[in-house]
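Undergrad: My request is simple: use the sequences and hints to build the entire structure.
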Amino acid sequence: MKQIDLFNIKLNHIRIFLLAVETGSFSKTAAELHVTQPMVTKTIQTLEKELDLILFLRDKGKLQLTPAGRELYVQWSNLLQYFENSIEDASVQQEGVMSRFVIGVGYLMPSDHLERLREAYHSLPENIKVHFESRPQSTAWDRLRDGEVDIVLVSGHILPDEKPADIDWCIVQESDLAVFIPKENPLSKKKNLTFADLREEEFIVFSADTDSRYMQLLNQLASEAGFTPRISCYVPDESSFTINLWMNNGIVLADQSMLMDETSIKCFPLEGRGNHLCLVWRIPKDAQRKKELQRVTDAIIASFH
Numbered sequence: 027m028k029q030i031d032l033f034n035i036k037l038n039h040i041r042i043f044l045l046a047v048e049t050g051s052f053s054k055t056a057a058e059l060h061v062t063q064p065m066v067t068k069t070i071q072t073l074e075k076e077l078d079l080i081l082f083l084r085d086k087g088k089l090q091l092t093p094a095g096r097e098l099y100v101q102w103s104n105l106l107q108y109f110e111n112s113i114e115d116a117s118v119q120q121e122g123v124m125s126r127f128v129i130g131v132g133y134l135m136p137s138d139h140l141e142r143l144r145e146a147y148h149s150l151p152e153n154i155k156v157h158f159e160s161r162p163q164s165t166a167w168d169r170l171r172d173g174e175v176d177i178v179l180v181s182g183h184i185l186p187d188e189k190p191a192d193i194d195w196c197i198v199q200e201s202d203l204a205v206f207i208p209k210e211n212p213l214s215k216k217k218n219l220t221f222a223d224l225r226e227e228e229f230i231v232f233s234a235d236t237d238s239r240y241m242q243l244l245n246q247l248a249s250e251a252g253f254t255p256r257i258s259c260y261v262p263d264e265s266s267f268t269i270n271l272w273m274n275n276g277i278v279l280a281d282q283s284m285l286m287d288e289t290s291i292k293c294f295p296l297e298g299r300g301n302h303l304c305l306v307w308r309i310p311k312d313a314q315r316k317k318e319l320q321r322v323t324d325a326i327i328a329s330f331h
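In case it helps, this note's numbering puts the sequence shown at residues 27 to 331.
Keep in mind the hints are simulated off the structure, nothing from the lab.
Hints should not be assumed to be uniformly reliable.
[What the hints assert, rightly or not] For lysine-lysine, the following PhoX-like pairs were computed, each having C-alpha atoms within a straight-line distance of at most 25 Å:
(1) Lys215 x Lys292
(2) Lys68 x Lys36
(3) Lys209 x Lys292
(4) Lys217 x Lys189
This one's a predicted model, so the numbers in the text were calculated from it and none came from an experiment.
TA: What follows is the structure, given as structure tokens:
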């Protein structure tokens with residue numbers, strides 16, 4: 027492996043690389059950053075030379091990420107955000123702000139829940155700073171355990187059976203599981219549905235490595251109804267639920283509060299299949315930060331009651 031001088035890698039190199047991956051195009055990257063395409067191309071070439079890695083394959087105008095490039099993207103994707111956060115942390119400390127917390131929410135959180143978070147946010151004292159991040163709900167637990175966020179608001183099904191020593195949670199709202207069905211599907215004309223009615227349907231699901239507890243839940247409900255669920259496709263996040271429902275690629279099992287397009291998708295709550303919206307947080311070791319975190323969690327819990 028080539029000896030790498032990290033000081034030759036600039037933050038701007040990383041920024042351009044990440045954006046090139048996300049846009050899939052050097053020209054779009056250049057347009058978004060208001061620079062020339064040759065400048066983007068030269069930056070990527072410099073980065074590849076410095077790292078001794080091939081990050082992209084160029085074939086007939088198409089840009090394809092290599093396995094090495096994909097690994098770097100995964101590892102570097104939060105790097106700039108961490109850098110920005112560190113500067114803000116220093117800034118707020120200088121201004122006398124004592125604590126900053128990051129709250130993770132899912133992509134399809136309903137506006138009612140966001141309003142409650144907003145209410146809680148505005149009730150906090152000035153010495154507590156809160157940021158919000160929207161990411162796939164299926165990643166919430168891992169991101170909390172890895173320290174990327176301090177608090178998450180998630181469906182109760184993703185939680186383990188026992189609380190780890192450094193994690194706590196509480197139910198902030200009772201809910202129900204539901205089935206979301208495209209209106210092109212004949213089942214959407216029914217007034218009510220049971221899970222047994224879904225025997226011949228195909229489910230759009232999270233893969234087991236994305237959310238293993240989701241598949242356990244689906245298999246349990248199907249088994250109780252006397253069938254094995256048929257899978258239409260596996261998706262990486264809840265936003266993909268909406269796209270595939272809109273394309274009539276199958277049906278979705280999810281919490282009834284999940285935000286879906288009501289003009290093309292019908293929601294059938296499953297009677298007697300309760301679910302919970304849970305607030306989950308990582309317990310700080312520092313006593314002062316623990317106290318400040320409790321102010322945040324108490325405010326959110328109060329906003330839901």
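Undergrad: Each hint: holds or not?
TA: Hint check results:
1. Between Lys215 and Lys292 the alpha-carbon distance is near 9 Å, which keeps this suggested pair within the 25 Å criterion.
2. Annotation: proposed proximity of Lys68 to Lys36 holds, straight-line Cα distance about 14 Å (limit 25 Å).
3. For the given pair, Lys209 sits about 6 Å from Lys292 by alpha-carbon distance, which is consistent with the 25 Å threshold.
4. Between Lys217 and Lys189 the CA atoms are separated by roughly 39 Å; this puts the pair beyond 25 Å, and the hint is violated.
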